[in-house]
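Chemist: So you can see what is in the structure, the chains are spelled out below.
Protein chains: 2
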Amino acid sequence: MSELKGACIIGQSGGPTSVINASAYGVIRTALDSDCITAVYGAEHGIKGVLADRLFDMSKEDARELELLKYTPSSALGSCRYKIADPDVDDTDYKRILEVFKKHDVRYFFYNGGNDSMDTCNKISKYMQKVGYECRVMGVPKTIDNDLYGTDHCPGYASAAKYIATSCMEVYQDARVYDTGMICIIEIMGRHAGWLTAAAALATEYGAGPDLIYLPERDFDMDKFLADVERVYKEKGNCMVAVSEGIHYADGSFVSEAKTSATDGFGHAQLGGLAARLADVVKQKTGAKVRGIELSLLQRCGAHLASETDIEEAVMAGRAAVENAVAGITDKMVAFERGTVNGRYACKTKLLPLTEVANAEKKVPQEWINAEGNGVTHDFIDYALPLIQGEPKLPKEDSLPRFARLKKVLAK
Amino acid sequence: MSELKGACIIGQSGGPTSVINASAYGVIRTALDSDCITAVYGAEHGIKGVLADRLFDMSKEDARELELLKYTPSSALGSCRYKIADPDVDDTDYKRILEVFKKHDVRYFFYNGGNDSMDTCNKISKYMQKVGYECRVMGVPKTIDNDLYGTDHCPGYASAAKYIATSCMEVYQDARVYDTGMICIIEIMGRHAGWLTAAAALATEYGAGPDLIYLPERDFDMDKFLADVERVYKEKGNCMVAVSEGIHYADGSFVSEAKTSATDGFGHAQLGGLAARLADVVKQKTGAKVRGIELSLLQRCGAHLASETDIEEAVMAGRAAVENAVAGITDKMVAFERGTVNGRYACKTKLLPLTEVANAEKKVPQEWINAEGNGVTHDFIDYALPLIQGEPKLPKEDSLPRFARLKKVLAK
Chain A
1 MSELKGACII GQSGGPTSVI NASAYGVIRT ALDSDCITAV YGAEHGIKGV LADRLFDMSK
61 EDARELELLK YTPSSALGSC RYKIADPDVD DTDYKRILEV FKKHDVRYFF YNGGNDSMDT
121 CNKISKYMQK VGYECRVMGV PKTIDNDLYG TDHCPGYASA AKYIATSCME VYQDARVYDT
181 GMICIIEIMG RHAGWLTAAA ALATEYGAGP DLIYLPERDF DMDKFLADVE RVYKEKGNCM
241 VAVSEGIHYA DGSFVSEAKT SATDGFGHAQ LGGLAARLAD VVKQKTGAKV RGIELSLLQR
301 CGAHLASETD IEEAVMAGRA AVENAVAGIT DKMVAFERGT VNGRYACKTK LLPLTEVANA
361 EKKVPQEWIN AEGNGVTHDF IDYALPLIQG EPKLPKEDSL PRFARLKKVL AK
Chain B
1 MSELKGACII GQSGGPTSVI NASAYGVIRT ALDSDCITAV YGAEHGIKGV LADRLFDMSK
61 EDARELELLK YTPSSALGSC RYKIADPDVD DTDYKRILEV FKKHDVRYFF YNGGNDSMDT
121 CNKISKYMQK VGYECRVMGV PKTIDNDLYG TDHCPGYASA AKYIATSCME VYQDARVYDT
181 GMICIIEIMG RHAGWLTAAA ALATEYGAGP DLIYLPERDF DMDKFLADVE RVYKEKGNCM
241 VAVSEGIHYA DGSFVSEAKT SATDGFGHAQ LGGLAARLAD VVKQKTGAKV RGIELSLLQR
301 CGAHLASETD IEEAVMAGRA AVENAVAGIT DKMVAFERGT VNGRYACKTK LLPLTEVANA
361 EKKVPQEWIN AEGNGVTHDF IDYALPLIQG EPKLPKEDSL PRFARLKKVL AK
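From first to last, the protein sequence lines stand for chains A and B. For the first sequence, this note's numbering begins at 1 and goes up steadily by one. For the second sequence, this note's numbering begins at 1 and goes up steadily by one.
One should not assume that every hint holds.
Identical chains blur together in the list; that is why a pair holds if it fits in one copy or across any two.
Here are the simulated DSS-like cross-link-like pairs (lysine-lysine), alpha carbons at most 27 Å apart as the crow flies [to be verified]:
{"no.": "1", "residue 1": "5", "residue 2": "289"}
{"no.": "2", "residue 1": "60", "residue 2": "289"}
{"no.": "3", "residue 1": "408", "residue 2": "236"}
{"no.": "4", "residue 1": "95", "residue 2": "130"}
{"no.": "5", "residue 1": "83", "residue 2": "289"}
{"no.": "6", "residue 1": "234", "residue 2": "408"}
{"no.": "7", "residue 1": "5", "residue 2": "236"}
{"no.": "8", "residue 1": "362", "residue 2": "236"}
{"no.": "9", "residue 1": "236", "residue 2": "60"}
{"no.": "10", "residue 1": "103", "residue 2": "236"}
In short, the hints are calculated from the structure, not lab data.
Okay, chain A solo, but in the shape it has when bound (with noise of 0.2 Å):
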């Protein structure tokens, strides 16, 4: 393909991860160094900067500070969950960002995000070549989900799944100080996919996890749950339990939402996460000393647990998504290829049209959980571990981060 010289933008969608600037580090540095790219733009959250016209020229930057948004979580450009419509409905949207790229040059749109995301970046791809607007359209891959299709892996997940499991590694070591015993109910993230939670499983492998392990993949029964609770306790005389936020009875109602069961008891106003909720249950069913224990935000962006492989691997998509673009391929997704060398875990990039990958969802294999359903196999050890290794040497001013700090001066 010919050459193209242009500008580029680069979005940031969704919710953030530990890691996600250090894609936006891979693709601001990459094409800064590319002689194709004759600018390089931080959309402010996301494809709202674009429609706003609010892009950031990344060449103001400083080079040191660009570099520690390896070390940054959270989306350090800003980011949205903008659904932007259908073209053939309403193309409103698509005719002002056609307009913002006309106005800066652009002719390369790195998109970075999950899902939704990977569904917005593949409608402004089929827009721009539905008009004759040449510009080279990439996805770089985000999510800690760990749940977008065709990918073995996602950036972002490593790093969160490092986190859970050496958290629920410390409080089982806290969770069972007392000769009186405790059931600890630890909720991790995860609506639709059980990825995070499963996760919990490497502290497990490590002899300080979760004894019960309960993820969306399957319908939840509050009875049999409360039978497996009673049964760990009484045995062990303490009880450590992952469930998944998305975890819902058989009709597909989440336990979280549900307002009043006569199994479950809830009968309450909703105050609290699932983990509260649960904990309440299991409170008055055991009698049991009961502690529900919600992950919350600090595992989508406790960067100071981030993977060295996850960072690298990140930076490595984006990377790899101006390469492809600059070499003249457009509309595909970066991907991850998993391999081996010299018998060690190794990863590759490989492209993925846009349309596969838009709105589809990667979950656990049903043949990853045990036949109980109250936890998960090997293969999901041999999966995950490989991804968490590597210690960062992370940056720290005083012993606390030293994060990114951008100037985001705004392009003219």
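Given the structure of chain A, go ahead and fit chain B onto it with the hints provided.
Modeler: Just chain B now, kept in the frame of chain A:
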């Protein structure tokens, strides 16, 4: 004083911390290396293990595993919350303790804990004196709450403070990525003293922390709180708040336990903690997106964020207890005195009479809290910052924590 030959017991008591085992290591290692001390026993679940004559022979442990105690959170020997009787009212326990001490020729007793534990330690010390049984008794301080009397700070506090400050900095990044604004309320431990909650100000000092901080040292006013939050949210479009679990109204009732109030609209069953409840009130008042996060057990067992200074001082406290006891001193608690060496923070041990520290509580000085009662002054930063310094080289196994694995061989 004369040389005293005999066995020693180390017991852990009260809530765990990230470094209580580092103090245990300081005691155990120094005692094992001492010529005077003929056997080193770890009491299972603190004083309860003494009463039950369940003592672990620490000489049976692998030296490397003992060393790993420095990086293992929670109480490795097991803890208890056992309130020992007044010996003048009921001396049953004391007679039993004496019996066990005599059986194993225990001449040194080291008790590692907070306020209540120092009370236990003090009572045992006085009883042994009264009955004329020669046993040197030393308290080793421990508490994330930092509320022990007479010591500059307590082992365990700094690591929890570092966990809190780091987590706040990360959540700060996360809780402001969208252009839609958000209010985030973080609940931090500390029932009576605000030292831990104040640590969130370290995050603010480094550019990414709470806008508002409420300690239990000041009466809480819900109307004032809501006005504070609304003001900041209006000004900045985001607001981050740190609250101590122990905040209470002027009448002394805990905000976390208030059943119904015209002001706060609490008419709910009590699920979830303070953060969830305050989030609910703020949401009703402002209509903003609000998230409550409880740091829960994570903050007291987050050894992966331990302060190296804290670890070293915790070991030093344990070592000092043994060295002083062997040198003939008894009936004291090891405490810390802050000084400077070449203009830099330095810490040395001193000894306080157990009677003085038992049950006394040290709170955040009123003059370190701002006039509005919603933040701390720079005096606090100057106090806390040196304590959190230094990154321990954490032992890992496949990138997960490698905690000490004790054999716990019971003494005959």
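Chemist: Give a verdict on every hint.
Modeler: Status of the hints after comparison with the structure:
Taking the shortest Cα distances, residue 5 and residue 289 never come within 27 Å of each other, neither inside one copy (65 Å) nor across copies (42 Å). Taking identical chains as interchangeable, the C-alpha atoms of residue 60 and residue 289 are never at most 27 Å apart, the minima being 56 Å within one chain and 33 Å between chains. In this assembly of identical chains, the alpha carbons of residue 408 and residue 236 lie at most 27 Å apart only when taken from different copies (17 Å versus 55 Å within one copy). In this assembly of identical chains, the alpha carbons of residue 95 and residue 130 lie at most 27 Å apart only when taken from the same copy (12 Å versus 90 Å across copies).
In this homomeric assembly, residue 83 and residue 289 come within 27 Å of each other (Cα to Cα) only across copies, at 19 Å, whereas the closest approach inside a single copy is 44 Å. Within a single copy, residue 234 and residue 408 get their C-alpha atoms only as close as 57 Å, which misses the 27 Å cut-off; across copies the closest is 22 Å, which meets it. With identical chains, the CA atoms of residue 5 and residue 236 are never at most 27 Å apart, being 66 Å at best within one copy and 39 Å at best between copies. In this assembly of identical chains, residue 362 and residue 236 lie within 27 Å of each other by CA distance neither inside one copy nor across copies; the values are 35 Å within and 38 Å between.
For the homomeric pair residue 236 and residue 60, the shortest alpha-carbon distance between copies (25 Å) is at most 27 Å, but the shortest distance inside one copy (59 Å) is not. In the homo-oligomer, the alpha carbons of residue 103 and residue 236 never lie at most 27 Å apart, since the shortest distance is 67 Å inside one protomer and 31 Å across protomers.
Hint check: violations occur at hints 1, 2, 7, 8 and 10; the rest are consistent with the structure.
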